Every structure is written in C-alpha cells, then in structure tokens.
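Using the sequences and the accompanying hints, generate a full structural model.
Given next are the chains, with one letter for each unit.
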Amino acid sequence: MVDMTEERLKAAVVGLGKMGLLHASILNVLPEVELAAVCDKSSLMVSLSKKVLDRCGVFTDVEELCGLDLDVVYVTTPISSHFEIVKDLYSREVACNLFVEKTLASSYGEAEELCSLARSSGGVNMVGYMKRFCVTFKKGKELLEQKALGDVVSFDAYAYSSDFLDCEASSVTGESRGGVLRDLGAHVLDLALWFFGDLEVESGRVEKVARGGKDSAYFKVGRGDGLEGEFSVSWCKEGYRMPEFGLTIKGLRGVMRVNDDRVELKLEKGKSSRWYRHDLDDHVGFLLGDPEYFREDKYFVESVLNGKNVEPCFSTASRVDYIIDEVEKRAG
Amino acid sequence: MEEERKVLLVGDNPFHGISHLSQQRARDRGEGVSHTEHAAQLVISSLEHGAEGFMFSVSETTLSILREVFKKEVVNRPKLYALVPYAYEYVRLATQVGGISGLAKRFGKQILFSRNVKAIASGLKGVLGKNPEALFSTYLSYEISRIRSSTDKKADLGCVLLHEIVTDMALALDLEWVFKFYMDFMHNRDIKPGFNTRNFPYLINKFKEWNVELDDTVIAAPFNKVGFQMNPSKTECEKALANLSETETIAISILAAGYLNPREAIEYIAGLSHIKGVAVGVSKERHAHETFPLLRDVLEG
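Heads up: the protein sequence lines correspond to chains A and B, in order.
For the first sequence, our numbering gives the first residue as 58, with consecutive numbering after it.
For the second sequence, our numbering gives the first residue as 18, with consecutive numbering after it.
Just so you know, not all the hints are guaranteed correct.
[Stated by the list, open to error] Quick list of in silico lysine to any residue cross-link-like pairs, SDA-like style, CA-CA up to 25 Å:
1. K294/A / D382/A
2. K98/A / L192/B
3. K195/A / L277/B
4. K251/B / D111/A
5. K265/A / G283/A
6. K294/A / K223/B
7. K242/B / D382/A
8. K256/B / L337/A
9. K294/A / V195/B
10. K144/A / K195/A
11. K223/B / D111/A
12. K294/A / K242/B
13. K75/A / K147/B
14. K107/A / K96/B
15. K323/A / R310/A
16. K197/B / K171/B
17. K196/A / G275/B
18. K144/A / Y356/A
19. K107/A / V195/B
20. K75/A / H33/B
21. K98/A / T117/A
22. K195/A / K67/A
23. K108/A / L192/B
24. K108/A / D201/B
25. K251/B / L337/A
26. K196/A / Y276/B
27. K75/A / K251/B
28. K75/A / L261/B
29. K204/A / K307/A
30. K108/A / A104/B
31. K75/A / Y276/B
32. K107/A / F224/B
33. K96/B / G244/B
34. K67/A / G114/A
[To be verified] Derived contacts from chain A toward chain B, CB cut-off under 8 Å, selection only:
35. I83
36. L105
37. V109
38. V115
39. T117
40. L337
Don't read these hints as lab results, they were simulated from the structure.
No experiment lies behind these values; they were computed from the predicted model shown.
Note that CB positions come from ideal geometry on N, CA and C, so glycine has one too.
As structure tokens, this is what we get:
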C-alpha cells in the first residue's frame, strides 16, 4: 500500500502515442494522481511535450525516470518494446506498480519472464484489457455467473475492424503493431478467458498477404469439459469503422449475444432481454475515448492506493500471449 | 413572452456511417446515406424544413457534400458549424502509417500539396522551432482553407469547433493556452470559436478557473433525456447549463443515438433553459421533413 497521507500518487507514462496520451490525460484528471513524468523516444514529441506539459518532467529514456520516486508507471509503447522496457523498469526499481498496455509481451516466454519479475517486485501489476470495463461485457459476465444460460456449450467470438481495409501497406505497419492477433484479437481472447476460464487451442489459421491487406485469423479452442469456441479476427473487414468485439454464447437454456454496444439474452423458456449501454449506467468522472479507459485507470490507481491485487494482472494476461503463440504455431 | 429562436443544425453522423447506439445499426443503414448526392439532398431538405445550418466534421466526405450543396441553387444557404479535426480520420491514418510521427509526416505533405503559403510558412516555423502554437496555427489555417475551397465566397462559416477528443484531452491536461490561443485565432478571423465536449461541467469549471469568458463561444455537448454521454452525470450537466445564460450551447445527441423517439427527446430539450440550439442527424428524407418542423414546434411553442 502506498502512503498517501501527504502526497498524491506519482505517475509516469512511457510512450506518447495515442494510448499514452489518452492514459496521461485521464491520470491527470484523477485527484489521487500527480502526472509526474512522460517519456518518449520521438524528438518531436519530447520537444513539443516540454513546451506544453510544464508541470511534469519530459524524458527520452526510461533510465531518466530513476530517482523520481514514482509510485506507478504506465507502459504504452509498441508491443514489441514492452519486454525490454518492463524489464528495465523493474531492474532499475523505477516503480513497483506497473500498468502495461495489451498485450503484455510479444510471446508467452517473454510474458512469463515479466510475471516472474513482477512477483519479485511485490507491487500491483495490470495489463490494459479495457474491454473488461465496458458495461455490456460486464453485464454479460454477470449473466454467465448467474447461470442465466445454464451450462455453456459453445461460443463464437469475433474482433473486426476496417483499419487496414484497402490499405496496401497493411502488413508492413500491421507487423509493427504486433500483428492482427495481438493488436486486435487479444481483446476478445481476454474476454473469452474472463468468461470461460482457461482454454486450449485446437486449430488455427492466420492469413497474411504482404500487399493485399488480408490480415485475418481463425482458430478453434476447447475446454476440458467439452466447451468449444471459435474465433474470427480481421482488421480488413468492411463496415467496421471502429474496432468491434463480440461473442455469441450458447448454453443449455438459451443464447446470449454481447458486443461493445449491447447484450441480448434469448432464453428458450421465458422472455428475451436486451440492454444497450444506455441501460447500464455508462457514466464516468471524465470521458475520453471510451468510458472503459477511465474505469480501468481509476480501478488500477485505487488498487495501488489500497494495495489490492488487480485483474487482469500480468499472470492472467500472460494466458492471452500463450494462446496467441499456440495459434501462430498451429498456423505455421 | 416570446420564445427565443433556436439554432437548428443538421448533423453529419449518418453520412460517416456513425451510430452511437450500435455499429450494426449504422451498417444496416447501408452505404446509400453516405453517397454525396444523397447526403447533400438530405442537407438541402433539412434546410427547406427549418434547419438553418450544417454541423459537420471536416473530412473529404463532408467537403464533397458541401461542394454539392453549394453547386445547387439553394434558397436557404446553410450557416456552417465545422468541427476540427475529424479525429476518426486522423486516428485511422495514424494506425495505418505507424503512429503519430508517421501521421505528422503525412500531414506535412498534405499541407505542402495544399499550396497554402501562409500555412506552409507557419508550419515550417513550427517544425523548425518545435513550436506548438505555430503548428496549431498551421493546422487550423489548413482546415479553414479546406472548408473555404469547398464553398463559395458568400458561405457563412459561422463557427469552427474543436473536436471533443482534442477539447477533452486539452482539458484533462490542463492546457489553458490551447483554449485561449484557439479563441484568439478564430476571433481574429471573424469566426466564432466553439468547443465540442463530452465533459460539459468540467469544461465550464475549467473556464471559470482560468477566467475565460464563454459569452462569444459555442459549446456543443450531449443533452438527452436518458443522460447518454452526459458526464459525470445528467444532473451535473443540467446544473452547469442552468448557470450558463450567455453561451451558445448547442445540444447534440438529443435522440441518445436513436434510443429515444423524437417527440420525447425534444420535449426534454424544451424543458432546459439556456439551450440555444440543437444539432441532429437525418438519414432519410422523411426524417428531414419531420424532425425540423417538430423541433421548431416543440422548442419554440
């Protein structure tokens, strides 16, 4: 637990891309937090930040964060750099409480190593699977826990966006973003693991076309008790202006469809129900991007203040890295 | 007492394929609504039925619609309320070109190709001196020139609003200079400055803290019966509005993205004091014919 009798939680954000700016902004609004430092490799971003953010330190290297007596650090750099940066932060003891944007690492091996470092540090650690903080998915989870569907038999999950539709350079830029599974599919994979517990990959296929923008993945998973699931992930799907995630879940008593916008429950006996975000108290203290970002950051900060464990922690999130590795192995 | 005349604006969300109720709803509408000629006709029909302006994010889609509207002999010329930047376009581009640095390079090229000498000079100054104000000025000049080149000289560019993602990020980061600079920039060009926000009470409080007057400013913020996107709560937004008599507050998302029927939605707005106008999107001719007369009828009695 952090001693907060006199000071606010001192936070730093490493990586000033769109996610870094978003988290830095939200942290700056939270009364319990002082945004003490930001760090980025880009000389343009650093120079501009120095002129604009006059109340916080601006740095180009993680090493420079040492000695700032930070309580928390957010890592919002590209996925491929998470491993080295998080290792560096732990080894230099920059802060023991870390938030890392998804995915935790570029492979399960790296993720396991980071989990081990996190255990040694003893702080609070979290990965930014923000869809867990979306009111519709929370409602879906609640209905599953209430056994509204009875025993779950199967599910279909999707993660679609039109980000790289008709974009010739997709595979080049896409690879630098960690590929379609890590960049887009990871969210729905985390939701499935949250809903159903551990899953094992049964088969997988990844389509990559260097200049055609056809980056998609399909895979099947299973659970020991017979539950089966299928995933479809693509960032070149027509009609998905914003990334969308969803699951259709079949149980012995009916079907539930849940996505970013709504939850629908169709029971074989009894009436059907539908909830939109409007019905599920989607208000937050400060809205930037989607409401789930504010909830996620507030939850992490409050957990650090109270010394509580969080979910998804590094260990939970590493299962997503595990499944992605397994799919890629099977896809060849 | 005679009711104050409200500013009624037709919004552009349907033309971009946006539905905040569900993406599926936007997909179900089909692509027809975003076709330039059809969208321009919807704007014109709205103007013929009581709308007096067009609120739009500056993008290639809406600029094509503007060109089409201004090509025609429209009796009621629209007052323009432009929103910059069209955040979605820039975020998507950043995703495709490898983040903010890639975006900056692409944007620099666009300005060079625009041959806007003032913007090029100020942009150069901004990049060389890494000067945020010069870069901001370059960007705003560029967007205004895009709008001007899509309309004619008589077009009434009544207001340019800063998009919610920039407004709210600048609010969160406590960037007082962004707001002051922006307001001065627009006033110097005889354009009313505006801010689109989803954190209405927070913005009002910050402006009070900074001693910035909001009298000659437009604020576009969600107001609707179910409190959709009214943060931190519907009650707090209503309270903040109650103390804001001089500002041109435009209610957006009044239908809560299609969750409410028009009459109940408009009756709620009619009950709020200090709302000076409404922006609402239409995706069908029938909507244009029905919505604006209903707005006039209920809001102005």
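We went through each hint and held it up to the structure:
Between K294/A and D382/A the alpha-carbon distance is near 23 Å, which keeps this suggested pair within the 25 Å criterion. Distance restraint check for K98/A and L192/B: the Cα-Cα separation of roughly 23 Å lies within the 25 Å cut-off, and the hinted pair is therefore satisfied. Between K195/A and L277/B, the direct Cα distance comes to roughly 24 Å. Compliance with the 25 Å bound is thereby established for this hinted pair. A threshold of 25 Å between alpha carbons decides the hint, and for K251/B with D111/A the separation of about 33 Å lies outside it, so the pair is violated.
Between K265/A and G283/A the CA atoms are separated by roughly 31 Å; this puts the pair beyond 25 Å, and the hint is violated. Between the alpha carbons of K294/A and K223/B the distance comes to roughly 41 Å, so the proposed pair goes past 25 Å and is violated. Under the criterion of a C-alpha separation no larger than 25 Å, the hint pairing K242/B with D382/A is inconsistent with the structure, at around 47 Å. A hinted pair counts as satisfied when its Cα atoms are at most 25 Å apart, and K256/B with L337/A qualifies at roughly 23 Å.
The hinted pair formed by K294/A and V195/B fails the criterion: a straight-line CA distance of about 37 Å is larger than 25 Å. Our distance criterion of 25 Å between C-alpha atoms is broken by K144/A and K195/A, whose separation comes to about 32 Å. For the suggested pair K223/B and D111/A, the alpha carbons sit about 17 Å apart, so the restraint of at most 25 Å is met. Between K294/A and K242/B the alpha-carbon distance is near 35 Å, which puts this suggested pair outside the 25 Å criterion.
Simply put, K75/A and K147/B have alpha-carbon atoms about 19 Å apart, close enough for the 25 Å limit, and the pair holds. With a C-alpha separation of about 39 Å, the suggested pairing of K107/A with K96/B is violated against the 25 Å cut-off. About 9 Å separates the Cα atoms of K323/A and R310/A, which keeps this hinted pair within 25 Å; it holds. For the given pair, K197/B sits about 28 Å from K171/B by alpha-carbon distance, which is inconsistent with the 25 Å threshold.
With a CA separation close to 21 Å, the supplied pair K196/A and G275/B stays within the 25 Å bound. A distance of roughly 24 Å separates the Cα atoms of K144/A and Y356/A; the hinted pair therefore holds under the 25 Å criterion. For a cut-off of 25 Å, the pair hint linking K107/A to V195/B stands: about 15 Å separates their Cα positions. For the hint pairing K75/A with H33/B, the CA-to-CA distance comes to about 22 Å; that is within 25 Å, so the pair holds.
Of the pairs offered as hints, the one joining K98/A and T117/A holds, with about 5 Å between alpha carbons and a cut-off of 25 Å not exceeded. Proposed proximity of K195/A and K67/A is contradicted: the alpha carbons are some 30 Å apart, above 25 Å. Proposed proximity of K108/A and L192/B is supported: the alpha carbons are some 11 Å apart, at most 25 Å. Restraint check: the Cα-Cα separation between K108/A and D201/B comes to about 20 Å, which is no more than 25 Å; the hinted pair holds.
For the hint linking K251/B to L337/A, the alpha-carbon distance of about 14 Å falls within 25 Å, and the restraint holds. For a cut-off of 25 Å, the pair hint linking K196/A to Y276/B stands: about 19 Å separates their Cα positions. In summary, the hint linking K75/A to K251/B is not supported, as the alpha carbons are separated by about 28 Å, beyond the 25 Å threshold. With a C-alpha separation of about 33 Å, the suggested pair K75/A and L261/B falls outside the 25 Å cut-off, and the hint is violated.
As the CA atoms of K204/A and K307/A are separated by approximately 12 Å, the hinted pair is consistent with the 25 Å bound. In summary, the hint linking K108/A to A104/B is supported, as the alpha carbons are separated by about 23 Å, within the 25 Å threshold. Using a Cα cut-off of 25 Å, the hinted pair K75/A and Y276/B is violated, with the two alpha carbons roughly 30 Å apart. Restraint check for K107/A and F224/B: satisfied, since their Cα atoms lie roughly 23 Å apart, inside the 25 Å limit.
At roughly 28 Å between alpha-carbon atoms, K96/B and G244/B are farther apart than 25 Å, so this suggested pair is violated. Using a Cα cut-off of 25 Å, the hinted pair K67/A and G114/A holds, with the two alpha carbons roughly 12 Å apart. For I83/A, the interface hint holds, the least distance from its beta-carbon to any beta-carbon of chain B being 7 Å, beneath 8 Å. With a least beta-carbon distance of about 5 Å to chain B, the hint placing L105/A at the interface is held under the 8 Å criterion.
Taken as an interface hint, V109/A checks out: its beta carbon lies about 5 Å from the nearest beta carbon of chain B, inside 8 Å. A least Cβ separation of about 12 Å between V115/A and chain B goes past the 8 Å threshold, and the interface hint is therefore violated. At about 14 Å, the closest approach between the beta carbon of T117/A and any beta carbon in chain B exceeds 8 Å, and the interface hint on this residue is violated. Checking L337/A against chain B: minimum C-beta separation of about 11 Å lies over 8 Å; hint violated.
Checked against the numbered hints above, the structure violates hints 4, 5, 6, 7, 9, 10, 12, 14, 16, 22, 27, 28, 31, 33, 38, 39, 40; every other hint is satisfied.
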